[in-house]
Amino acid sequence: MANVYEAPSSANPTATSAETDCAREPIHIPGGIQPHGYLISVDDAGRMVQVSANLAELAGAPASSLLGQPLSQVLGDAAALCLNEVGTQAAPGAPRFICAIDDPRAATHGAAGHAPLAVVAHRHDGVTIVELEPAKGTADVFSSVYPLVQTFLRELGENRTIDQLAQSAANEIKRITGYGRTLVYSFDDAGNGHVIGEALDASYPSYLDQHFPGSDIPPQARALYVLNRIRLIADADYQPVPLVPAMHPATGRPTDLTWSSLRSVSPVHVQYMKNMGTWSSMSMSIVVRGRLWGLISCHHATPRLPAFETRAACEYIAQMLSLQIEAKEDRAQAEYRLELRDRLSRLVTAMTDSERFVDALATDAQDLLGLADAAGAAIVFDGQITQVGLTPDASTIERLVAWLDGQSDEVYATDAFAHASGEPVNPDAAGILAVSISKLFRNYVIWFRPEVVRALKWAGDPRSKLASLSSRLSPRESFDVWTETVRGRSLPWHAAELEIAMELRTALLGIVLRRAEQLAQLALELSRANEELEGFSYTVSHDLRAPLRHIAGFADLLRDMEADKLSERGRHFVERIIGSARFGGRLVDDLLAFSQMGRAALRIQPVDLATLVSELVAEQQRDHPERAIEWRVSSLCTITADAVLIQVVMRNLIDNAVKFTGNRVGENDSAIIEVGCETGRGELADHDVVFVRDNGVGFDPKYMDKLFGVFQRLHRFEEFEGTGIGLASVKRIIERHGGKTWARAQLDHGATLFVALPRRSVAPDLQARETPAAAVARIASVSTHGRPFRNVRKPSE
Amino acid sequence: MLRPILLVEDNPNDIELTMIALERARLANPVISVRDGAEALDYLRREGQWASRAPENPAVMLLDKKLPKIDGHEVLKAVRADEQLRRIPVVMLTSSREEKDLLRSYDLGVNAYVVKPVSFDDFMDAINDLGIFWAVLNEPPPHSS
Chain X
1 MANVYEAPSS ANPTATSAET DCAREPIHIP GGIQPHGYLI SVDDAGRMVQ
51 VSANLAELAG APASSLLGQP LSQVLGDAAA LCLNEVGTQA APGAPRFICA
101 IDDPRAATHG AAGHAPLAVV AHRHDGVTIV ELEPAKGTAD VFSSVYPLVQ
151 TFLRELGENR TIDQLAQSAA NEIKRITGYG RTLVYSFDDA GNGHVIGEAL
201 DASYPSYLDQ HFPGSDIPPQ ARALYVLNRI RLIADADYQP VPLVPAMHPA
251 TGRPTDLTWS SLRSVSPVHV QYMKNMGTWS SMSMSIVVRG RLWGLISCHH
301 ATPRLPAFET RAACEYIAQM LSLQIEAKED RAQAEYRLEL RDRLSRLVTA
351 MTDSERFVDA LATDAQDLLG LADAAGAAIV FDGQITQVGL TPDASTIERL
401 VAWLDGQSDE VYATDAFAHA SGEPVNPDAA GILAVSISKL FRNYVIWFRP
451 EVVRALKWAG DPRSKLASLS SRLSPRESFD VWTETVRGRS LPWHAAELEI
501 AMELRTALLG IVLRRAEQLA QLALELSRAN EELEGFSYTV SHDLRAPLRH
551 IAGFADLLRD MEADKLSERG RHFVERIIGS ARFGGRLVDD LLAFSQMGRA
601 ALRIQPVDLA TLVSELVAEQ QRDHPERAIE WRVSSLCTIT ADAVLIQVVM
651 RNLIDNAVKF TGNRVGENDS AIIEVGCETG RGELADHDVV FVRDNGVGFD
701 PKYMDKLFGV FQRLHRFEEF EGTGIGLASV KRIIERHGGK TWARAQLDHG
751 ATLFVALPRR SVAPDLQARE TPAAAVARIA SVSTHGRPFR NVRKPSE
Chain P
1001 MLRPILLVED NPNDIELTMI ALERARLANP VISVRDGAEA LDYLRREGQW
1051 ASRAPENPAV MLLDKKLPKI DGHEVLKAVR ADEQLRRIPV VMLTSSREEK
1101 DLLRSYDLGV NAYVVKPVSF DDFMDAINDL GIFWAVLNEP PPHSS
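Just so you know, the protein sequences line up as chains X and P, in that order. Here the first sequence is numbered in the working numbering, starting from 1 and rising by one per residue. Here the second sequence is numbered in the working numbering, starting from 1001 and rising by one per residue.
Extracted from the complex, chain X is given alone in its bound form:
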């Protein structure tokens, strides 16, 4: 690139505008050519309409006198046959070799000093541009070229790497051109050049492995180099040859010399060459997939004019090198893609087979990291961060995720995260590749690459160029090695890695979607099962309850109306029938209430426990006026729970305490029931713990696990009546609140029952939602013993 630098020669810009001016330089219309050849524009009638001024030497007449004349006027009849083909073979784009002719002067003045001329031509802007360049001979140019490139051709098959190929190309081009130094550059994404191959004579300084800043070649020059693949400057001291007339005869504008091989270059570029100690240069483009991949650049300390055939051979080598690089890159890419695809399919299989796909990803760390050639990865899913390999800490990842939320791309990659985000450099995560599975739910897979500190050798400090531009526009003068240490960067992410990351995203979405479908299916089945259960409950409620009611009813009637006709035993049997039927009815009612507790929606609201408990205590005192119970109710908290259900809980606990202290009847042996509230500790932090303690019969702790079971009784029926549903209801209700139940007891030394309820925030509108009828229905449906409301008995008749 150093030898192809082109910049404007006029202008007196400031340092900051220098590059801009450079980028605006219309280098395709320099208004002249280099003096080592001749240029002739020919119209469709075969007449010359614009010529280079030096054509006068060839024609022996002033250039202006040649305008309007046929081409043979200059080249002589000898070349007529060859030149006839110009009209038929010239095409838009790169100049085609038409033929080689003898210099017309050779016929009269002898061949000495008058080399043969290669004729190349191309169509542009409605005319055929014919260029004549010095050649070795008039033979078929291709037969001359082949011997020049055959060594390189042979080496193509032997060299395995791109760098080896580049070195071969440098060697061969230097050998056939005789240039003192040949460099092969590759460009990175930013356009910076890196010298990967070099062949040089002993007197030339080496640039191997050095970097040239991308600004050395302005964008329009790069665009030109993609089109016109070879450029030659034979003598840095050349005087440009103007065109006659100066303007294009058809367009009236300066002639566009984009494709011309003789195109004159900017004087500043020539200065740049001289700064490098170069008096002749030639460069060939390496174009891969339509992009300027690199350059082959030749320098010589003195003027040098390679023959046309040599130049053609160099162009040919550059072309072959381009194709080889493309093939090798394609192949390497294909192999790498195949490897990534294998990894992806292993990951997808593991994820599909696994209960949680995050686990599958984390378990197969080798494939997960290999998928992006990363050192670490983090899976952010359902609010959890799973880290694999070398990653930043969780809080850094959280910040990163928050930052990623602001990025719109589904796949985001940077090899300089600190630079992109403004965060300090993290050596473990200099580069990140992030795939967002869902922005809404903040689900990401993120890969990390560590910092790679690189020492870049620049051919001269790239920054000094701008500094030196302040007074007089001039290319940089120093090409001394200047080493820059690059920090905060990882290796760049490969296109294949970004593509596979995108595919992983698609696969993940598919899995998440399938999971969601399965969940939906499960929910459907569950709701069906629930409906069946409800149907069953309903049947129990209505159909099982009715016969129990009838048995009890008729037995009651039998006792009331026919008792005197029965024996003592018969009356005893009737009592047993009545008792059993009523108990059966209670069991049914309790079971229904219990199932209702599991089904009814929770309506969480603040509940003043003090009021609730004092009402329940008053109720007990009304119901059991004969009992002397000492109530110890300490200051109670306000909890957040379903008021109806929590009332069932507290009623059951207090009922139990009253029931199981029934044995304490002595004057110095009164029942003590304590109700209290404390703050949960440990895993129950953020819970309110409510307890009811009694000094009743207690129970043997070895039956603890049965305490909260459905229809489990720890005492004989005759001692304490009950269906055994009370504590099971307590447990179910508390569990539905996300809380916990437990007990402490000793046989004959009382029991303490605990319930822990999580504290929650309550939406303020929740309390207003339940209508009075709905509340009544709910209270009725969850009340055990079939009695939502207390029966107020009439005074007996």
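Please note: incorrect hints may appear among the correct ones.
[Said to hold, decoys possible] Pair ranges (Cβ atoms, derived):
1) P:R1087 / X:R515: 54 to 64 Å
2) P:P1030 / X:E721: 39 to 49 Å
3) P:F1133 / X:Q518: 53 to 63 Å
I should point out that these hints are in silico values taken from the structure, not numbers from a laboratory. From a predicted model like this one, the values you see are computed outputs, not experimental measurements. For every residue, glycine included, the Cβ atom is placed at its ideal position computed from N, Cα and C.
Model the placement of chain P on the given structure of chain X, informed by the hints.
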């Protein structure tokens, strides 16, 4: 002539127990018992076998939820939708303690919802209270004949 109490009930055991309970409540009102929802509507609309009954509406209708042909809720809905019948007091007298049955009854405009207690004594109390309230104490809506 006192207006009748209409009992809509299909289970003979329940009919018998309810009749005994009503009897014991010593109400002077006659009790008409019909066996399903269709017959209840026939009675109320004076159609079919009830075409020639006296024109006055019952003092109260005791309606079971679960009935053959047309169930209790449908009967209730039809009554509330009928200009001639919609002011008749309706008491659901049922075995069901299901929340949704209760809610639906109230939504359809029931006047009272009574779950039949298992104990006959309790059942008798309930029937007694109902009878006294609806047949004796309650002032029937005007022009409801």
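query = Where does the structure disagree with the numbered hints, that is, which hint numbers, in rising order?
reply = none
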